[in-house]
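*Asks:* Sequence:
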Amino acid sequence: MKGATMSFILTRDLISNRHDEPGPDIPAMFEQTDRLIRLRDEAPIDSEEFAETVRAIIDFQREDGSFSYLSSYEVPSDARVDFVYHPTYICCQILIKAMLSGSPNKNILPALQRGLEFSCSRRLMGHGIDGLRDQMRTVQDFIDSGIMTILDYQPDLCPEFTAMLIEIAEEYAKMIEDCDTILPFGNDVTVKMIRIVKTLNGPVSVPVFVYGTLMSGEANHYLIEDCEHLGPAAIFGFALHDLGAYPAVKYTEKPLTATGELILCDADALERLDILEQLGSLYDRAVANAFMDDGPVFKAYVYVYRNEVTDDSRVPEELQPWPYLKELQRTHVWYVAYGSNLLRERFMCYIEGGFCEDNGRAYDGCRDKTAPLFDISVTIPYNVYFGNKSASWGNSGVAFLDTSRTGLAFGRAYLVTKEQLADIHEQEGNGANWYSSKQLIGKHAGIPMITFTNTREREHVMPSKAYLDVMQRGLTEGAGALTDELAEEYLQQAIER
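With our numbering as the guide, the letters of the sequence shown map in order to residues 1 to 497.
Treat the hints as calculated values from the structure; they're not laboratory data. One or more of the hints may lead you astray.
[Stated by the list, open to error] Derived CB-CB ranges, DEER-like:
no., residue 1, residue 2, range
1, Thr379, Asp469, 54 to 60 Å
2, Tyr73, Tyr251, 42 to 48 Å
3, Arg133, Lys326, 36 to 42 Å
4, Gly353, Thr379, 28 to 34 Å
[What the hints assert, rightly or not] EDC-like cross-link-like pairs, simulated, lysine to aspartate or glutamate; straight-line CA separation at most 20 Å:
no., residue 1, residue 2
5, Lys198, Asp152
6, Lys465, Asp358
7, Lys254, Asp312
Using N, Cα and C, we set each Cβ at its ideal position, and we do this for glycine too.
Turn these sequences into a full structure, and let the hints guide you.
*Replies:* Now the structure itself:
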(Lines of atoms letter the chains of each structure in order from A; the text may use other names.)
(Lines give C-alpha, C1' and ligand atoms only; values in the text may rest on other atoms or scores of the structure.)
Protein backbone atom coordinates (compact mmCIF):
# COMPACT_ATOMS: atom_id res chain seq x y z
CA MET A 1 0.00 0.00 0.00
CA LYS A 2 1.24 3.48 -0.80
CA GLY A 3 1.22 6.26 1.79
CA ALA A 4 0.64 6.18 5.55
CA THR A 5 0.86 3.00 7.61
CA MET A 6 -2.00 1.65 9.72
CA SER A 7 -0.70 3.38 12.86
CA PHE A 8 -1.83 6.62 11.20
CA ILE A 9 -5.17 5.26 10.03
CA LEU A 10 -6.91 3.62 12.95
CA THR A 11 -7.95 6.40 15.28
CA ARG A 12 -10.88 6.24 17.65
CA ASP A 13 -13.48 8.94 18.13
CA LEU A 14 -12.20 11.30 15.49
CA ILE A 15 -13.45 14.78 16.45
CA SER A 16 -13.93 17.66 14.07
CA ASN A 17 -11.68 20.63 14.80
CA ARG A 18 -14.19 23.03 13.28
CA HIS A 19 -15.70 25.31 15.95
CA ASP A 20 -18.92 25.68 13.98
CA GLU A 21 -19.39 21.88 13.67
CA PRO A 22 -18.31 20.19 16.91
CA GLY A 23 -18.66 16.42 17.07
CA PRO A 24 -17.41 13.40 15.08
CA ASP A 25 -15.22 14.18 12.09
CA ILE A 26 -17.29 12.23 9.57
CA PRO A 27 -15.11 12.94 6.49
CA ALA A 28 -12.04 11.76 8.41
CA MET A 29 -13.79 8.54 9.41
CA PHE A 30 -14.83 7.81 5.83
CA GLU A 31 -11.26 8.47 4.71
CA GLN A 32 -10.05 6.02 7.35
CA THR A 33 -12.40 3.38 5.93
CA ASP A 34 -11.21 4.07 2.39
CA ARG A 35 -7.60 3.55 3.48
CA LEU A 36 -8.53 0.27 5.15
CA ILE A 37 -10.18 -0.90 1.93
CA ARG A 38 -7.16 0.07 -0.15
CA LEU A 39 -4.88 -1.83 2.22
CA ARG A 40 -7.14 -4.92 2.13
CA ASP A 41 -7.27 -4.93 -1.65
CA GLU A 42 -3.82 -3.66 -2.65
CA ALA A 43 -1.17 -4.20 0.04
CA PRO A 44 1.18 -7.19 -0.47
CA ILE A 45 0.38 -9.63 2.32
CA ASP A 46 4.05 -10.55 2.76
CA SER A 47 5.13 -6.96 3.36
CA GLU A 48 6.23 -5.52 6.70
CA GLU A 49 3.64 -2.81 6.25
CA PHE A 50 0.87 -5.43 6.11
CA ALA A 51 2.25 -7.16 9.22
CA GLU A 52 2.35 -3.83 11.04
CA THR A 53 -1.20 -3.16 9.96
CA VAL A 54 -2.38 -6.49 11.36
CA ARG A 55 -0.75 -5.71 14.70
CA ALA A 56 -2.42 -2.30 14.73
CA ILE A 57 -5.82 -3.85 13.97
CA ILE A 58 -5.47 -6.32 16.83
CA ASP A 59 -4.49 -3.52 19.22
CA PHE A 60 -7.43 -1.46 17.97
CA GLN A 61 -10.07 -4.14 18.71
CA ARG A 62 -12.62 -3.26 21.38
CA GLU A 63 -13.80 -5.49 24.20
CA ASP A 64 -17.02 -6.34 22.37
CA GLY A 65 -14.99 -7.71 19.45
CA SER A 66 -15.71 -4.79 17.12
CA PHE A 67 -13.27 -2.50 15.38
CA SER A 68 -15.56 0.48 15.86
CA TYR A 69 -14.41 4.04 15.41
CA LEU A 70 -16.98 5.13 18.01
CA SER A 71 -16.91 4.48 21.76
CA SER A 72 -20.65 5.07 22.06
CA TYR A 73 -23.21 3.33 19.90
CA GLU A 74 -25.89 5.87 20.79
CA VAL A 75 -25.86 7.22 17.27
CA PRO A 76 -28.25 6.91 14.30
CA SER A 77 -28.45 3.50 12.65
CA ASP A 78 -26.73 4.73 9.49
CA ALA A 79 -23.75 5.94 11.52
CA ARG A 80 -23.48 2.59 13.32
CA VAL A 81 -23.32 0.81 9.96
CA ASP A 82 -20.70 3.18 8.56
CA PHE A 83 -18.48 3.60 11.61
CA VAL A 84 -19.04 0.48 13.74
CA TYR A 85 -19.97 -2.48 11.54
CA HIS A 86 -18.34 -1.63 8.23
CA PRO A 87 -14.86 -1.09 9.76
CA THR A 88 -15.31 -4.34 11.68
CA TYR A 89 -16.06 -6.29 8.51
CA ILE A 90 -13.02 -4.82 6.73
CA CYS A 91 -10.68 -5.51 9.64
CA CYS A 92 -11.92 -9.11 9.84
CA GLN A 93 -11.26 -9.50 6.12
CA ILE A 94 -7.71 -8.23 6.57
CA LEU A 95 -7.18 -10.71 9.43
CA ILE A 96 -8.45 -13.52 7.18
CA LYS A 97 -5.85 -12.61 4.57
CA ALA A 98 -3.21 -12.52 7.30
CA MET A 99 -4.15 -16.04 8.44
CA LEU A 100 -3.99 -17.35 4.90
CA SER A 101 -0.55 -15.77 4.47
CA GLY A 102 0.81 -17.99 7.25
CA SER A 103 1.50 -15.13 9.65
CA PRO A 104 3.10 -16.35 12.90
CA ASN A 105 1.11 -13.81 14.93
CA LYS A 106 -0.82 -15.97 17.41
CA ASN A 107 -3.18 -13.13 18.26
CA ILE A 108 -4.79 -13.14 14.81
CA LEU A 109 -7.06 -16.14 15.39
CA PRO A 110 -8.73 -14.98 18.64
CA ALA A 111 -9.11 -11.45 17.27
CA LEU A 112 -10.74 -12.80 14.11
CA GLN A 113 -13.07 -15.07 16.08
CA ARG A 114 -14.28 -12.17 18.24
CA GLY A 115 -14.64 -9.92 15.20
CA LEU A 116 -16.70 -12.50 13.31
CA GLU A 117 -18.96 -13.01 16.33
CA PHE A 118 -19.61 -9.27 16.50
CA SER A 119 -20.26 -9.17 12.74
CA CYS A 120 -23.21 -11.52 13.19
CA SER A 121 -25.18 -9.01 15.26
CA ARG A 122 -26.44 -7.19 12.15
CA ARG A 123 -26.15 -10.09 9.70
CA LEU A 124 -23.88 -7.95 7.49
CA MET A 125 -26.82 -5.78 6.42
CA GLY A 126 -26.28 -2.23 5.26
CA HIS A 127 -28.62 0.63 6.00
CA GLY A 128 -31.82 1.86 4.44
CA ILE A 129 -32.94 0.93 0.97
CA ASP A 130 -29.45 -0.33 0.11
CA GLY A 131 -29.35 -2.75 3.03
CA LEU A 132 -29.51 -5.95 0.98
CA ARG A 133 -27.14 -4.71 -1.70
CA ASP A 134 -24.62 -3.71 0.99
CA GLN A 135 -25.01 -7.14 2.59
CA MET A 136 -24.22 -8.80 -0.73
CA ARG A 137 -21.17 -6.60 -1.19
CA THR A 138 -19.93 -7.49 2.30
CA VAL A 139 -20.50 -11.22 1.77
CA GLN A 140 -18.58 -11.00 -1.51
CA ASP A 141 -15.75 -9.13 0.25
CA PHE A 142 -15.51 -11.96 2.81
CA ILE A 143 -15.45 -14.49 -0.03
CA ASP A 144 -12.76 -12.55 -1.90
CA SER A 145 -10.70 -12.33 1.28
CA GLY A 146 -10.71 -16.12 1.60
CA ILE A 147 -13.30 -16.93 4.28
CA MET A 148 -14.32 -20.17 2.55
CA THR A 149 -10.72 -21.40 2.48
CA ILE A 150 -10.38 -20.65 6.20
CA LEU A 151 -13.63 -22.48 6.99
CA ASP A 152 -12.50 -25.50 4.97
CA TYR A 153 -9.61 -26.21 7.33
CA GLN A 154 -11.05 -24.53 10.44
CA PRO A 155 -14.78 -25.28 10.30
CA ASP A 156 -15.17 -24.37 13.98
CA LEU A 157 -13.57 -20.97 13.56
CA CYS A 158 -16.84 -19.20 14.42
CA PRO A 159 -19.92 -21.47 14.28
CA GLU A 160 -22.27 -18.50 14.60
CA PHE A 161 -20.72 -16.77 11.57
CA THR A 162 -20.77 -20.01 9.55
CA ALA A 163 -24.45 -20.55 10.37
CA MET A 164 -25.19 -16.96 9.37
CA LEU A 165 -23.53 -17.43 5.97
CA ILE A 166 -25.56 -20.59 5.36
CA GLU A 167 -28.79 -18.78 6.29
CA ILE A 168 -27.94 -15.90 3.97
CA ALA A 169 -27.19 -18.35 1.14
CA GLU A 170 -30.54 -20.07 1.69
CA GLU A 171 -32.35 -16.73 1.67
CA TYR A 172 -30.62 -15.75 -1.56
CA ALA A 173 -31.43 -19.12 -3.12
CA LYS A 174 -35.12 -18.58 -2.31
CA MET A 175 -34.99 -15.10 -3.83
CA ILE A 176 -33.42 -16.56 -6.97
CA GLU A 177 -36.08 -19.27 -7.17
CA ASP A 178 -38.81 -16.63 -6.80
CA CYS A 179 -37.12 -14.29 -9.32
CA ASP A 180 -37.05 -11.68 -6.57
CA THR A 181 -33.60 -10.33 -7.32
CA ILE A 182 -34.44 -6.98 -8.89
CA LEU A 183 -34.16 -4.46 -6.06
CA PRO A 184 -35.82 -1.03 -5.79
CA PHE A 185 -34.94 1.47 -8.51
CA GLY A 186 -34.23 -1.40 -10.91
CA ASN A 187 -31.02 -2.57 -9.26
CA ASP A 188 -30.64 -6.08 -10.71
CA VAL A 189 -28.45 -8.27 -8.50
CA THR A 190 -29.36 -11.62 -10.06
CA VAL A 191 -25.95 -12.55 -11.48
CA LYS A 192 -24.06 -11.48 -8.34
CA MET A 193 -26.49 -13.32 -6.09
CA ILE A 194 -26.25 -16.56 -8.08
CA ARG A 195 -22.46 -16.43 -7.83
CA ILE A 196 -22.55 -15.83 -4.08
CA VAL A 197 -24.90 -18.77 -3.51
CA LYS A 198 -22.75 -21.03 -5.68
CA THR A 199 -19.71 -20.21 -3.53
CA LEU A 200 -21.49 -20.55 -0.19
CA ASN A 201 -23.91 -23.38 -0.82
CA GLY A 202 -23.42 -24.96 -4.25
CA PRO A 203 -24.69 -24.32 -7.80
CA VAL A 204 -28.03 -22.61 -8.33
CA SER A 205 -29.85 -21.52 -11.47
CA VAL A 206 -32.70 -19.21 -12.38
CA PRO A 207 -35.60 -19.92 -14.79
CA VAL A 208 -35.50 -17.77 -17.94
CA PHE A 209 -38.18 -17.64 -20.64
CA VAL A 210 -36.67 -17.29 -24.14
CA TYR A 211 -38.73 -16.62 -27.24
CA GLY A 212 -36.58 -15.70 -30.24
CA THR A 213 -33.07 -16.28 -31.53
CA LEU A 214 -32.19 -18.17 -28.33
CA MET A 215 -34.69 -20.95 -28.99
CA SER A 216 -33.62 -24.42 -30.09
CA GLY A 217 -32.22 -24.39 -33.62
CA GLU A 218 -31.96 -20.60 -33.80
CA ALA A 219 -28.90 -18.42 -34.39
CA ASN A 220 -28.06 -17.57 -30.77
CA HIS A 221 -29.00 -20.88 -29.17
CA TYR A 222 -25.30 -21.69 -28.75
CA LEU A 223 -25.20 -19.15 -25.90
CA ILE A 224 -27.38 -21.39 -23.75
CA GLU A 225 -26.44 -24.86 -24.98
CA ASP A 226 -25.00 -25.69 -21.55
CA CYS A 227 -28.24 -24.70 -19.78
CA GLU A 228 -30.94 -27.15 -18.75
CA HIS A 229 -33.89 -26.91 -21.15
CA LEU A 230 -37.23 -27.52 -19.44
CA GLY A 231 -39.33 -27.39 -22.62
CA PRO A 232 -42.02 -25.30 -24.36
CA ALA A 233 -43.73 -22.66 -22.24
CA ALA A 234 -46.00 -19.64 -22.48
CA ILE A 235 -46.30 -16.38 -20.56
CA PHE A 236 -49.57 -14.49 -20.18
CA GLY A 237 -50.00 -10.73 -20.17
CA PHE A 238 -47.26 -10.28 -22.75
CA ALA A 239 -47.46 -9.72 -26.51
CA LEU A 240 -44.86 -11.06 -28.93
CA HIS A 241 -43.72 -8.62 -31.61
CA ASP A 242 -41.66 -9.25 -34.72
CA LEU A 243 -39.00 -6.57 -35.20
CA GLY A 244 -37.41 -8.13 -38.27
CA ALA A 245 -34.10 -9.71 -37.31
CA TYR A 246 -35.32 -10.51 -33.82
CA PRO A 247 -38.53 -10.47 -31.77
CA ALA A 248 -39.57 -8.67 -28.61
CA VAL A 249 -42.16 -9.06 -25.89
CA LYS A 250 -44.05 -6.19 -24.32
CA TYR A 251 -46.40 -5.97 -21.37
CA THR A 252 -50.06 -5.80 -22.31
CA GLU A 253 -53.30 -5.50 -20.39
CA LYS A 254 -55.00 -7.58 -23.07
CA PRO A 255 -55.41 -11.35 -22.54
CA LEU A 256 -52.50 -12.18 -24.85
CA THR A 257 -49.82 -14.85 -24.74
CA ALA A 258 -46.22 -15.16 -25.87
CA THR A 259 -44.86 -18.66 -26.45
CA GLY A 260 -41.28 -19.86 -26.27
CA GLU A 261 -39.08 -22.12 -24.16
CA LEU A 262 -38.06 -22.27 -20.51
CA ILE A 263 -34.43 -22.79 -19.52
CA LEU A 264 -32.40 -22.76 -16.31
CA CYS A 265 -29.44 -20.36 -16.37
CA ASP A 266 -26.42 -20.11 -14.12
CA ALA A 267 -24.64 -16.80 -13.60
CA ASP A 268 -22.35 -17.19 -16.62
CA ALA A 269 -25.23 -17.96 -19.00
CA LEU A 270 -27.32 -15.13 -17.61
CA GLU A 271 -24.45 -12.72 -18.07
CA ARG A 272 -24.14 -13.81 -21.71
CA LEU A 273 -27.84 -13.16 -22.20
CA ASP A 274 -27.56 -9.74 -20.58
CA ILE A 275 -24.88 -8.82 -23.10
CA LEU A 276 -26.87 -10.18 -26.04
CA GLU A 277 -30.07 -8.41 -25.01
CA GLN A 278 -28.23 -5.17 -24.13
CA LEU A 279 -29.78 -5.23 -20.66
CA GLY A 280 -30.75 -1.79 -19.46
CA SER A 281 -30.61 -0.13 -22.88
CA LEU A 282 -32.57 -2.32 -25.31
CA TYR A 283 -34.26 -4.81 -22.97
CA ASP A 284 -35.13 -5.00 -19.27
CA ARG A 285 -35.33 -8.18 -17.27
CA ALA A 286 -38.80 -8.70 -15.81
CA VAL A 287 -40.68 -11.46 -14.00
CA ALA A 288 -43.45 -13.57 -15.52
CA ASN A 289 -45.34 -16.75 -14.71
CA ALA A 290 -44.25 -19.31 -17.28
CA PHE A 291 -46.73 -22.11 -17.95
CA MET A 292 -45.31 -25.39 -19.20
CA ASP A 293 -47.22 -27.56 -21.65
CA ASP A 294 -47.39 -30.39 -19.14
CA GLY A 295 -48.79 -28.27 -16.31
CA PRO A 296 -46.06 -26.87 -14.00
CA VAL A 297 -45.85 -23.11 -13.51
CA PHE A 298 -42.54 -21.35 -12.88
CA LYS A 299 -41.69 -17.81 -11.98
CA ALA A 300 -39.20 -16.89 -14.66
CA TYR A 301 -37.25 -13.96 -15.95
CA VAL A 302 -38.06 -12.62 -19.41
CA TYR A 303 -36.33 -9.91 -21.41
CA VAL A 304 -38.88 -7.17 -22.14
CA TYR A 305 -38.30 -4.66 -24.93
CA ARG A 306 -37.85 -1.07 -23.74
CA ASN A 307 -38.81 0.80 -26.93
CA GLU A 308 -42.14 1.47 -28.60
CA VAL A 309 -43.74 -1.06 -30.97
CA THR A 310 -46.68 -0.93 -33.36
CA ASP A 311 -49.73 -3.15 -33.31
CA ASP A 312 -48.87 -4.33 -36.83
CA SER A 313 -45.73 -6.00 -35.47
CA ARG A 314 -47.69 -8.07 -32.94
CA VAL A 315 -47.61 -11.78 -33.65
CA PRO A 316 -50.93 -13.61 -33.12
CA GLU A 317 -50.65 -16.59 -30.79
CA GLU A 318 -51.63 -18.89 -33.65
CA LEU A 319 -48.45 -17.88 -35.53
CA GLN A 320 -46.08 -18.47 -32.63
CA PRO A 321 -43.47 -19.41 -31.57
CA TRP A 322 -41.12 -17.09 -33.40
CA PRO A 323 -39.25 -19.81 -35.41
CA TYR A 324 -42.62 -20.91 -36.81
CA LEU A 325 -43.38 -17.30 -37.75
CA LYS A 326 -40.05 -16.96 -39.55
CA GLU A 327 -40.94 -20.00 -41.68
CA LEU A 328 -44.37 -18.51 -42.47
CA GLN A 329 -42.71 -15.27 -43.54
CA ARG A 330 -40.93 -17.25 -46.25
CA THR A 331 -43.96 -19.19 -47.49
CA HIS A 332 -47.11 -17.16 -46.77
CA VAL A 333 -48.76 -13.80 -47.41
CA TRP A 334 -51.88 -12.06 -46.14
CA TYR A 335 -54.57 -11.80 -48.79
CA VAL A 336 -56.65 -8.77 -47.81
CA ALA A 337 -60.30 -8.90 -48.84
CA TYR A 338 -62.57 -5.85 -48.82
CA GLY A 339 -65.52 -6.97 -50.96
CA SER A 340 -67.52 -10.20 -51.04
CA ASN A 341 -64.53 -12.17 -49.70
CA LEU A 342 -65.01 -10.44 -46.35
CA LEU A 343 -67.38 -13.36 -45.72
CA ARG A 344 -65.27 -16.41 -44.95
CA GLU A 345 -67.82 -18.85 -46.38
CA ARG A 346 -67.72 -17.00 -49.70
CA PHE A 347 -63.92 -16.76 -49.68
CA MET A 348 -63.55 -20.49 -49.07
CA CYS A 349 -65.04 -21.09 -52.53
CA TYR A 350 -61.81 -19.61 -53.90
CA ILE A 351 -59.79 -22.00 -51.72
CA GLU A 352 -61.73 -25.27 -51.78
CA GLY A 353 -63.76 -24.77 -54.95
CA GLY A 354 -67.43 -25.64 -55.26
CA PHE A 355 -70.76 -23.89 -55.67
CA CYS A 356 -71.36 -20.45 -54.13
CA GLU A 357 -75.02 -20.11 -53.20
CA ASP A 358 -74.78 -16.32 -52.93
CA ASN A 359 -74.15 -15.78 -56.64
CA GLY A 360 -75.00 -19.19 -58.11
CA ARG A 361 -71.54 -19.76 -59.56
CA ALA A 362 -69.10 -22.69 -59.29
CA TYR A 363 -65.39 -22.15 -58.63
CA ASP A 364 -62.36 -24.37 -59.25
CA GLY A 365 -60.61 -23.40 -56.03
CA CYS A 366 -56.85 -23.36 -55.47
CA ARG A 367 -54.44 -26.12 -56.36
CA ASP A 368 -53.67 -26.29 -52.64
CA LYS A 369 -57.03 -26.45 -50.91
CA THR A 370 -55.68 -26.02 -47.38
CA ALA A 371 -57.73 -23.53 -45.39
CA PRO A 372 -56.08 -20.24 -44.38
CA LEU A 373 -53.97 -20.62 -41.26
CA PHE A 374 -55.48 -17.55 -39.66
CA ASP A 375 -57.45 -14.43 -40.44
CA ILE A 376 -57.67 -11.00 -38.85
CA SER A 377 -59.67 -7.82 -39.24
CA VAL A 378 -57.67 -4.94 -40.74
CA THR A 379 -58.12 -1.44 -42.04
CA ILE A 380 -57.03 -0.31 -45.49
CA PRO A 381 -55.87 3.29 -46.19
CA TYR A 382 -58.17 3.71 -49.23
CA ASN A 383 -61.90 4.13 -49.73
CA VAL A 384 -64.11 1.44 -51.26
CA TYR A 385 -66.39 2.21 -54.20
CA PHE A 386 -68.47 -0.02 -56.50
CA GLY A 387 -67.72 -0.27 -60.20
CA ASN A 388 -67.79 -2.37 -63.42
CA LYS A 389 -70.52 -4.84 -64.25
CA SER A 390 -69.75 -8.31 -62.94
CA ALA A 391 -71.48 -11.25 -64.61
CA SER A 392 -70.90 -13.21 -61.42
CA TRP A 393 -73.12 -10.76 -59.56
CA GLY A 394 -75.95 -10.06 -62.00
CA ASN A 395 -74.05 -7.53 -64.10
CA SER A 396 -73.90 -5.25 -61.08
CA GLY A 397 -71.05 -3.35 -59.47
CA VAL A 398 -68.40 -4.93 -57.26
CA ALA A 399 -65.93 -3.44 -54.78
CA PHE A 400 -62.74 -1.64 -55.82
CA LEU A 401 -60.27 0.54 -53.91
CA ASP A 402 -59.71 4.17 -54.85
CA THR A 403 -55.91 4.28 -54.63
CA SER A 404 -55.71 7.87 -55.88
CA ARG A 405 -56.32 9.32 -52.42
CA THR A 406 -56.20 8.23 -48.79
CA GLY A 407 -59.31 6.95 -47.11
CA LEU A 408 -60.50 4.11 -44.91
CA ALA A 409 -61.84 0.67 -45.72
CA PHE A 410 -62.50 -2.34 -43.54
CA GLY A 411 -60.85 -5.56 -44.62
CA ARG A 412 -60.22 -9.13 -43.63
CA ALA A 413 -56.74 -10.59 -44.04
CA TYR A 414 -56.39 -14.32 -44.68
CA LEU A 415 -53.02 -16.01 -44.24
CA VAL A 416 -52.49 -18.11 -47.38
CA THR A 417 -49.53 -19.52 -49.27
CA LYS A 418 -47.94 -17.55 -52.09
CA GLU A 419 -49.22 -20.16 -54.55
CA GLN A 420 -52.75 -19.80 -53.20
CA LEU A 421 -52.54 -16.03 -53.61
CA ALA A 422 -51.78 -16.48 -57.30
CA ASP A 423 -54.76 -18.82 -57.70
CA ILE A 424 -57.03 -16.40 -55.82
CA HIS A 425 -55.92 -13.58 -58.09
CA GLU A 426 -56.80 -15.59 -61.18
CA GLN A 427 -60.26 -16.44 -59.83
CA GLU A 428 -60.88 -12.82 -58.84
CA GLY A 429 -60.16 -11.73 -62.39
CA ASN A 430 -56.75 -10.33 -63.17
CA GLY A 431 -57.59 -8.80 -66.54
CA ALA A 432 -56.72 -5.21 -67.39
CA ASN A 433 -60.25 -3.96 -66.61
CA TRP A 434 -60.60 -5.85 -63.38
CA TYR A 435 -58.25 -6.63 -60.47
CA SER A 436 -55.03 -6.27 -62.40
CA SER A 437 -53.08 -4.40 -59.73
CA LYS A 438 -51.50 -5.98 -56.66
CA GLN A 439 -51.33 -3.51 -53.78
CA LEU A 440 -49.00 -3.94 -50.81
CA ILE A 441 -50.80 -2.23 -47.96
CA GLY A 442 -48.31 -3.04 -45.23
CA LYS A 443 -47.12 -5.93 -43.14
CA HIS A 444 -48.53 -7.72 -40.15
CA ALA A 445 -46.18 -9.80 -37.98
CA GLY A 446 -43.57 -9.26 -40.67
CA ILE A 447 -45.73 -10.89 -43.38
CA PRO A 448 -46.75 -8.79 -46.44
CA MET A 449 -50.42 -7.80 -46.74
CA ILE A 450 -51.57 -7.80 -50.38
CA THR A 451 -54.86 -6.96 -51.98
CA PHE A 452 -56.12 -6.61 -55.56
CA THR A 453 -57.77 -3.64 -57.24
CA ASN A 454 -57.48 -1.53 -60.40
CA THR A 455 -55.45 1.66 -60.21
CA ARG A 456 -57.58 3.22 -62.97
CA GLU A 457 -60.91 4.34 -61.59
CA ARG A 458 -63.72 2.13 -62.90
CA GLU A 459 -67.18 3.27 -63.96
CA HIS A 460 -69.27 3.50 -60.79
CA VAL A 461 -72.10 0.94 -60.85
CA MET A 462 -74.62 0.08 -58.15
CA PRO A 463 -73.98 -3.35 -56.55
CA SER A 464 -76.67 -6.01 -56.35
CA LYS A 465 -78.59 -6.68 -53.16
CA ALA A 466 -76.98 -10.14 -53.00
CA TYR A 467 -73.50 -8.62 -53.18
CA LEU A 468 -74.26 -6.06 -50.48
CA ASP A 469 -75.77 -8.79 -48.32
CA VAL A 470 -72.56 -10.86 -48.55
CA MET A 471 -70.46 -7.82 -47.65
CA GLN A 472 -72.78 -6.98 -44.75
CA ARG A 473 -72.45 -10.49 -43.34
CA GLY A 474 -68.69 -10.38 -43.78
CA LEU A 475 -68.34 -7.02 -42.02
CA THR A 476 -70.28 -8.29 -39.01
CA GLU A 477 -68.49 -11.64 -38.79
CA GLY A 478 -65.52 -12.62 -36.66
CA ALA A 479 -63.15 -10.71 -34.40
CA GLY A 480 -63.22 -6.95 -34.84
CA ALA A 481 -66.63 -7.15 -36.52
CA LEU A 482 -68.82 -4.10 -37.05
CA THR A 483 -72.32 -3.81 -35.68
CA ASP A 484 -75.15 -4.15 -38.20
CA GLU A 485 -75.80 -0.41 -37.98
CA LEU A 486 -72.17 0.55 -38.64
CA ALA A 487 -71.90 -1.96 -41.48
CA GLU A 488 -75.01 -0.53 -43.17
CA GLU A 489 -73.68 3.03 -42.79
CA TYR A 490 -70.30 2.00 -44.18
CA LEU A 491 -71.84 0.34 -47.25
CA GLN A 492 -74.13 3.29 -47.90
CA GLN A 493 -71.13 5.64 -47.92
CA ALA A 494 -69.41 3.36 -50.45
CA ILE A 495 -72.50 3.39 -52.69
CA GLU A 496 -72.65 7.20 -52.63
CA ARG A 497 -69.06 7.71 -53.74
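*Asks:* Which of the listed hints are broken here?
*Replies:* Structure breaks hint 1 only.
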